[in-house]
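A.B. asks: Here are the chains, one letter per residue:
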Amino acid sequence: MSTAASTAPAAGPANAAGANGDALLQAIGLQKHFPVTRGIIFRHRVGAVQAVDGIDFSVSAGQTLGLVGESGCGKTTTGRLLTRLLEPTGGQILFDGHDITHLSMNRMRPLRRDIQMIFQDPYSSLNPRQTVGAIVGAPFRLQGVKTEQGTKQAVQELLELVGLNPEHYNRYPHEFSGGQRQRIGIARTLALKPRLIVADEPVSALDVSIQAQVVNLLEDLQNELGLTYVVIAHDLSVVRHISDTVAVMYLGKLVEVADRDSLYAQPRHPYTVALMSAVPIPEPVRGEGGTRERRERIRLTGDVPSPLNPPAACRFHTRCWKAQDICRTQEPQLTELATGHIVACHFPENTTAA
Amino acid sequence: MIGRRGAGRPRAGGDGQVAGATQLSGAMLEVRDLRVHFPTDDGLVKAVDGLSFSLDRGKTLGVVGESGSGKSVTSLAIMGLHQHTRAEISGQVWLDGEELVTATPERVRSLRGSKMAMIFQDPLSALHPYFSVGSQISEAFLIHNKVSRKAAKQHAVDMLGRVGIPQPATRFEDYPHQFSGGMRQRAMIAMALCCDPELLIADEPTTALDVTVQAQILDLISDLQREFGSAVIIITHDLGVVADLSDDILVMYSGRVAEYGTAEDIFWRPGHPYSWGLLNSMPRIDEARAERLVPIKGSPPSLINVPPGCPFHPRCDFASLTDGRSATEVPLLREIEPGHMLACHLTSAQRARLRPERVTAAAGGRGEEDGS
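Here the protein sequences come in this chain order: H and D.
Final position of the first sequence in my numbering is 354; the numbers increase by one with none missing.
Final position of the second sequence in my numbering is 372; the numbers increase by one with none missing.
You can trust all of the hints, since none of them are fake.
Interface residues of chain D toward chain H, partial, derived using beta-carbon atoms under 10 Å:
hint, residue
1, G68
2, S180
3, D286
4, V294
Bear in mind the hints are in silico, worked out from the structure with no lab data behind them.
For glycine and all other residues, C-beta sits at the position ideal for the given N, C-alpha and C.
Use the sequences and the hints to build the structure in full.
C.D. replies: This is the structure we're talking about:
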């Protein structure tokens, strides 16, 4: 429970200002609006895609935060903001207590050793013209890091660490399978001994049997090297397996944050409840008389609204079965309904039982 | 149990009838010893190597396997979509009493879209960006039916409405890029169903979609199947999707059948170490969190150099228990229980002993329930 409390996001403006004691990474009111412009000569702004619209969370050292949501909810943008691959339009990012929100490229460079990223697609994130040695050794070269026994030795140790054969140093990415390529990407990520790794859908491009290998590898590395992860994924079962704390996003906002067990045992936000009920369960259902039956689930109708023009007040009200007038007029704030369980909803589920 | 399950089973060839001349069963679709090989500069790729199964009307067959196991190649072979200059196809595909592998391309073409239809994985690349969604749907209807353009348009609008697209008459004119991912997949389903196909093949129909939209699409496929009484083949790597929809399940590995049975057979009484591995390696949301996932070691084999003997043996934890047969002798598909077929050298006593706890635990109680 203590981890849950420490990883709880700033629930109000009062504690938003004060940095969380042992948090390695903290986002305060983080915001990214992409401008939408019209006109060729006289460009004028006609609106903004509110990809990430004021989210708060923090991750303690050695912990894993899982970020889930549907496509278009802003999870990937959040990941790119945290690694400063995108410039935030508002809010703050604190890394190890230091504000890195608007650091210049030059000032950011030394920090890149500490913050690394794992990408989704192991086919497009590796340069096909470079050997594995060059790919995994690139961080040393770029950062001008000299290792004791030379780069080659260091790369081979990294390959061994992620379960690849060090002899494959001179091979090219096309000679490897998807799972092996993802391991190459992970080896590159680990080269500079980062403290924080942002993994954007690290296993969704892999087969199930290989997914388990990579998930186990990520866990082993965390235990061995004391890494902190932010894992972005849409697969709720993978997120549950790997995360300590889970944050659910909908249309650029956090709707629920809780420690893993409490979120999966008692989801409070209707959106989380619907997401979980939509996950297909690998267990056939047989009804009376032996006919095939299908599992009862909450059917969300329609698609996610456009983030260009999100619904007023509670953004989920257009698809929510519990929506009342208040949901259309007043935005629900993130409130702590149980220890470390934060929900933004006027009519949360699973509350009477607690 | 046999009476309940409607779909047929893979034919071992011992039915006492002359194989080859006619379709053996009254099944909607019967595939017999299908082989699809691709000659390449590096060697012969045996994408599908001796596959047999059958499927009845109104039933759903789930085909699971990893990438490269031949799932999609099988579906394309049934639909006659392989280039005959590139692929060597042998075996038989019987669709409602008609053999398709030896049929003329013209004949297959006339069946494709009317009698059998397919939903592809990625609706954005399967829909033509240049034509409106409506015109692409009505085109299929116009080709297979003697109707006026106006009637075809009306039919396409109806179909769009049936698959749950709001304001179908207006959306008829829209182009694919104006649809969201879920709506594109709905449009594809409308296109596939516009001629009331008796066989529908859905190749990873929801892989590109979010879970909430996936649930909508699976509901739609299941509702439409009930309405049209089509036979459905659903190809996916997601065991959850398969469990949700399928009557029968075919587990493929390296172009061959590893295991085949009812959904209950595969999920509650799986017999193949590969099926155990698949079931064990996925994190499950409906059970207590496992401390550690149990992956299958290694990766799927190259289809050019399929390992001798059982193709799964290099990854199998139990291959050493078969006195070396796993490495030398290709296991034949045999029936271990009525309707439950398995290609594995392990004896039933060994299987009972080795079957992982988790799989057995999942079967506990429910298996007996099913047997009553």
